[in-house]
Amino acid sequence: MFLVDQTGTSKYQIVPEFQAVILAGNKGHLYPLATEDNVPKALLPVANRPMISYTLQWLEQTGIQDVIVVVCPSSETQLTHYLRTVYEGTANIDIVVMEEYYSTAEALRHISSRIFRDFVVMTCDTVLLSSPQPFFDAHRSANPALSALFFHPTKSEGGGGSTKDSEWPLYVGLDPREHQLLYLKQGERVKENLDIRTSLLENFQRFDLLTNLQDAHVYIFQRWVLDFILVQKHLPSIQKDVLPLLVKCQYRSALAEAEGLTEILKRAKANTKHIASVSQWTTKRSADPQNPALRCNIYVEPKEFVGRATSIPSYCDINKQISKMFTDQRTHPTAEVHMRSQVGADSMVGNETKLDERCSVKRSVIGAHCTIGKNVKIVNSILMDYVTIEDGVKLDGCVLCNNVKIMTKAQLKDCEVGAGLVVDPNAQAKNERIVSSFVEGEEQDMQINFA
Amino acid sequence: MPPKKPKQPNIEAEEKLSAVVIADSFDQHLMPLTQTTPRCLLPLCNVPLLEYTFELLATAGVEEVFLFCRVHAATIKQYLAQSKWTKSHAPFGVTVIVSQEALSVGDVLRELDGKSLIRTDFILIYGDVVSNMNLGKALEKHRNRKAVDKNAIMTMVVKDASPNHPTRGHQEAVFITDGQTQQLLHYVPSDYGIAPRKSVPVSVELFEKHPAVQVRYDLMDCCIDICSVEVPALFTENFDYQDIRRDFVTGILGSEVLDSTFYLYPLTHEYGARVATGQLYDAISRDVIGRWVFPMVPDCNLVEGDQYVHKRNHVYQEPLVKLSRTAELDRNVVIGNHSQVGENSRITCSVIGRNCTIGDNVVIDGAYLFDGTVVHSGSRVHRAILGYQVTVYENTTVSDGCLLGDRVQVGPNIALPRSVRLSRYGTDNAQVLDHSDQELTTGEVDLALVGSQGLGEKWVPSDDEDEVEVQYMSLTALAADVAALTLANPHLADNDDGGLSDSSQDSMDELENDNALEPEDAFGDEVEATLDRAFKEDHAVNDTLLELKGLRFANNKTNHDIRVILLPKILDLVEVQQLRTSLAAVLKRWGSLVASVINSDTDQADALSIISSYCLEASERTILFMPCVKYLYDLDIVDEDILLGWYAYVNKNVTDKERLLYQKLQPLIDWLNEAEEDDSGDEDDDEDED
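Listed in order, the protein sequences are those of chains A and B.
Take the first sequence: its position 150, counting from 1, is numbered 1351 in the working numbering, and each next residue is one higher.
Take the second sequence: its position 67, counting from 1, is numbered 1472 in the working numbering, and each next residue is one higher.
What the hints contain is simulated information worked out from the structure, not anything from laboratory work.
A few of these clues could be false.
Straight-line alpha carbon distances no greater than 30 Å define the calculated DSS-like cross-link-like pairs of lysine-lysine that follow [to be verified]:
id	chain 1	residue 1	chain 2	residue 2
1	B	1492	A	1467
2	B	2069	B	1954
3	B	1614	A	1356
4	B	2062	A	1392
5	B	1489	A	1434
6	B	2062	A	1467
7	A	1434	B	1603
8	B	1716	B	1489
9	B	1551	B	1614
10	A	1470	A	1504
11	A	1555	A	1504
12	A	1467	A	1441
13	A	1563	A	1595
14	A	1441	B	1603
On a predicted model such as this, the values are computed, not experimentally measured, just so you know.
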């Protein structure tokens, strides 16, 4: 447990408790925001900070130092640059490049050789402002096979982007007294009825079945679960396949047997024996470390803010909510806001951005190095970096990617504009996804032309 | 009528609180005891059941009781006339309503509506409910709720109890409630463990209004309901509703037109249960003796004139009991006046009525003896109910689950088999006798069964009883065979914590004591034995099939379970030396048996998998594989496209050994492919694990 270093003085070496894996792929419904010409998903700004910085910061709060970030080739350069040079955290970040189409469980299988101890898996699109300690403490005290973090989603205020979220409910069964996760079913996989197994009822005679929870996609796994994921080669997704299967195995011993889980558990049990003394020594109240029982725990974040940016509307919501909570200076000191312009107390303006006179900015986040002309109204919108907006433009519920240029007196409502595009003067659009020079309905009185 | 609202509480306060007590059981669970005595007057710990119910109502301040009877109305009236409930100091007036037509609770409530006897909320209860709950509190809750939710029509009293608790009596109803308000949102009635269901369906629509619900499997129904005035009217509207749970509650909850709501009133420290079956009679008797229903215990002497005294080890004894010096009342015994127990007799966990005579060297364990029963020396009575004036002659054994009707005599020197029901009033259930002094039938007595001095015939459930009921009866009979039960429902074996606690089990326990496998082995042995017999004695295919089917249904197995045993067994018959001829002979003889357990496409693929794994077990079997599959194809047991699909599927993921085996199939596959070029082969569904 302690090493004697060269100088002969002995000191304790802290054995890290967990490793963390951040899946920073580009998957999701964030087109055209997370594209190659704009920024990778992990670097999308949330209140003018890259999304992944929230994830890393949250992890660092728990004391986790070993972080593996799995990135896809298209975002490798940008992300590596950010993590190596811009990000100021203390974690040791290991970057692994994987093909785009790898699903979450496949990604874990791919990097399994780098995981040596219990580990945390999360995606870069989870934005957490809560303290991680209660979640980790709950995990430590019960010592389950896995702990999953769930939260009550905040109601969407609407607006932001052309698409609407049509999210399926997630059916979550849990024993509120034991914090045990008992049932998990994706809404899209349910037809008419939920089938509740008799074996579940026999083993857990009383539980809650909720549809108002959302999975934060933050999991703490015991190391042996990785062995199971390695065996289950055909399971693509952690959230949709591995987790439900593990949950089922809690009360279906025959299934656990058939899926080879019992065998892995037995082996894990044998392996933990020699570590047992260590963990007893380090943590007094570890719940029987000799017995890595198959138990799935759930921790429901009580109140603090957790959100997932899986789609454009949810991305907008998170931006709005976080910018509301932001307590530092909302307008960057280097930004130049004209005296006769108004920036609402719920908005943010990034560095080096210039606002000319008679502008009004409400419930919006404006990135860095933007140039905004006279008499511009920006409501409920997100502007990334290097956006140019000419005089008299009105934006409501829009998301503008990097380097977008909106020409005089254009009016956009609930639109997304892909990176580098130019919107013509006097253009009018509503509920539009503007991604290229080709737009349906061009032949009509549509006044948009794109560079 | 909004203007009237402020007045309403006053009106309700003036209304008499009434209760509807259903005295008829509408079932045959305690036959033949109920041939002569109505169920509500059967003694439980020597006190008629109705006394418990009435006592509960009296403590709740009920002022008016409607007692519905069908059969035995005269007996009930006679009993009431001499009881304290019709005396001048009785807490409520009892109106007896006799209705010969009523065949279910639904009929009773329709009649109630027809007579418009009820004008306010009422308590609906059965004449055989034992409870010490505070009904007043439940009533208050019901009334307060009506102020919030005017659609609330019923509050059902339920109690926490783990699924295998004896007092729950195999009720497997699932309640889905709103955890905050205790509103019942979805109800899955019990199937009484007859056809163990794999899963319980819950409609997704439920969650539209209620994003958070509670699933409760730890509740037993106390059969006490607080109903609003609308309930009888709803029964009249839906004239096909019979059972209040299976039809009414599920029907109204599932209705899209009605938005009536149901609520639960869960008991935690109070007791409530209905003596619905023989097994429950046993369980509730034990609870009363064990003082779980305090203050309703034998020594509170509910009936005037009783003089029970509570002694140590829960022995309740009246003063005029004559015990011999060496007789032993071990524990949990109730024994009434003028009964006597002979030398060296031992009584445990039993109830002995009045005027009973128990000879020397008798062992009575877990038995219920009604008044006037005589047990002669050297006999044993174990977990049985003996009606009024039953005689058990010398050296006779009455074993588990027997129900002996009034005046039955058995013995001497015999042993009754388990779970026999004997009656002296005939086995014609259609006409239930109204007076116990009616003529005894002189039907033929099976002396081999009941002994040389025996009197009484075997009673069997009547045919008009639906099959489910009959099965349920055997399951819930007193001392139902626990082993048989385990077979029927492997889940039951899993966790028996026995207590009232509903603690969720540690999942590790489940992994470790996986009892589910044991019954399967028993089933497998049975099937193998059946097949061995069939092969050896050359049974007809149809007979064998019938036997297999019987086994399958009895053990609730699928055709897959049969196939797993059958196919290897049949292949074992083939002599490898003369492969072709013997295989042809075997399949000619037994092919149709194989065909009859293979029905769907999935079955065919499954059969192929079974055969391949059989052939993999030993290297000499591998040569069997191709010819066998070929024959199955020739006999049209396996379709071409299934075979091709299966072949494509298994070849995706194989070990070397498997590949060697599958390669043997290649010529056949090639031949098939040539025959039909465009056959792409569909993927067979893997066994659904969901």
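Is the straight-line distance between the alpha-carbon of residue 1489 of chain B and that of residue 1434 of chain A 30 Å or less? With a Cα-Cα distance of about 75 Å, the restraint between residue 1489 of chain B and residue 1434 of chain A is violated, given a limit of 30 Å.
Given the proposed pairing of residue 1441 of chain A with residue 1603 of chain B, does the C-alpha separation stay at or below 30 Å? Holds, at roughly 23 Å.
Between residue 1470 of chain A and residue 1504 of chain A, does the CA-CA distance stay at or below 30 Å? violated (36 Å)
Given the hint that residue 1614 of chain B pairs with residue 1356 of chain A, test it: the Cα-Cα distance must not exceed 30 Å. Answer holds: residue 1614 of chain B to residue 1356 of chain A is near 17 Å, not above 30 Å.
Can you confirm whether the C-alpha distance between residue 1551 of chain B and residue 1614 of chain B stays at or below 30 Å? holds (20 Å)
Between residue 2062 of chain B and residue 1392 of chain A, does the CA-CA distance stay at or below 30 Å? Cα-Cα ~41 Å, so violated.
For a C-alpha distance cap of 30 Å, please report whether residue 1492 of chain B and residue 1467 of chain A respect it. violated (71 Å)
Verify the proposed pairing of residue 1555 of chain A with residue 1504 of chain A, using a straight-line Cα cut of 30 Å. violated (37 Å)
Could you grab the alpha-carbon distance between residue 1434 of chain A and residue 1603 of chain B and see if it respects the 30 Å cut-off? Given that 30 Å is the threshold and the Cα spacing comes to 28 Å, the pair holds.
For a C-alpha distance cap of 30 Å, please report whether residue 1467 of chain A and residue 1441 of chain A respect it. Holds. Residue 1467 of chain A to residue 1441 of chain A sits at ~25 Å (cutoff 30 Å).
Hey, residue 2062 of chain B versus residue 1467 of chain A, does the alpha-carbon distance stay inside 30 Å? Measuring from Cα to Cα gives roughly 27 Å; hence the hint holds.
Checking one constraint from the list: CA of residue 1563 of chain A to CA of residue 1595 of chain A, max 30 Å. Satisfied? holds (12 Å)
Checked against the numbered hints above, the structure violates hints 1, 2, 4, 5, 10, 11; every other hint is satisfied.
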